[in-house]
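Could you put the whole structure together from the sequences, leaning on the hints where they help?
Per our numbering, the very first residue in the sequence shown carries number 510; after that it's consecutive.
Everything labelled a hint here was simulated from the structure, so no lab data went into it.
Any given hint could be a false lead.
[As the list claims (entries may be wrong)] Label pairs and their computed distance ranges (CB to CB):
1) Gly554 <-> Lys522: 16 to 24 Å
2) Ser574 <-> Gly541: 14 to 22 Å
3) Asn546 <-> Met515: 25 to 33 Å
4) Lys520 <-> Leu566: 26 to 34 Å
5) Glu516 <-> Thr537: 15 to 23 Å
6) Asn546 <-> Asp526: 30 to 38 Å
7) Leu547 <-> Glu582: 24 to 32 Å
8) Met515 <-> Leu540: 20 to 28 Å
9) Arg557 <-> Ser533: 29 to 37 Å
10) Thr537 <-> Ala517: 15 to 23 Å
11) Ile534 <-> Thr567: 18 to 26 Å
12) Lys520 <-> Arg557: 26 to 34 Å
13) Ser523 <-> Leu547: 15 to 23 Å
For every residue, glycine included, the Cβ atom is placed at its ideal position computed from N, Cα and C.
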Amino acid sequence: MTDDQMEALGKIKSVSDRAKFLLSIGVTAELGTEESNLEFRACVGDMRLPITGASKLTAIERGTSWLQEKARETEEGQQ
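This is how it looks when you write it as structure tokens:
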């Protein structure tokens, strides 16, 4: 993420809005180096998400779904 995006993210308070912002940037995946087994870690820019997958595509799909759930959870709680 750019410095401007990081600054904008820091100003967003609600989980739902933060998730929507991260979704607007887009989820990618990188090969995890900390884990003992080879897994891909979902991320948005340099921000690593707590989501992994056996393939890059799986990690991206799971990361996107996870952020979508976070966006909906808070919205549903406000209704």
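Results for each hint:
Checking the proposed 16 to 24 Å range against Gly554 and Lys522 shows it holds: the Cβ atoms sit about 20 Å from each other. Checking the proposed 14 to 22 Å range against Ser574 and Gly541 shows it holds: the Cβ atoms sit about 19 Å from each other. Checked against the hint of 25 to 33 Å, the pair Asn546 and Met515 passes, with Cβ atoms roughly 30 Å apart. With their beta carbons about 32 Å apart, Lys520 and Leu566 fall inside the hinted range of 26 to 34 Å.
Checked against the hint of 15 to 23 Å, the pair Glu516 and Thr537 passes, with Cβ atoms roughly 20 Å apart. For the pair Asn546 and Asp526, the beta carbons lie near 34 Å from each other, so the given range of 30 to 38 Å is met. Distance hint check: the CB atoms of Leu547 and Glu582 are about 31 Å apart, consistent with the given range 24 to 32 Å. Separation of Met515 from Leu540 is about 23 Å and conforms to the stated range, judged on CB atoms against 20 to 28 Å.
Restraint check, Arg557 to Ser533: a C-beta distance of roughly 18 Å breaks the suggested window 29 to 37 Å. The beta-carbon spacing between Thr537 and Ala517, approximately 19 Å, falls within the hinted interval of 15 to 23 Å. Distance hint check: the CB atoms of Ile534 and Thr567 are about 20 Å apart, consistent with the given range 18 to 26 Å. Evaluation of the 26 to 34 Å hint for Lys520 and Arg557 yields a failure: the beta carbon distance comes to about 21 Å.
Taking 15 to 23 Å as the suggested C-beta distance range, the pair Ser523 and Leu547 does not conform, at roughly 35 Å.
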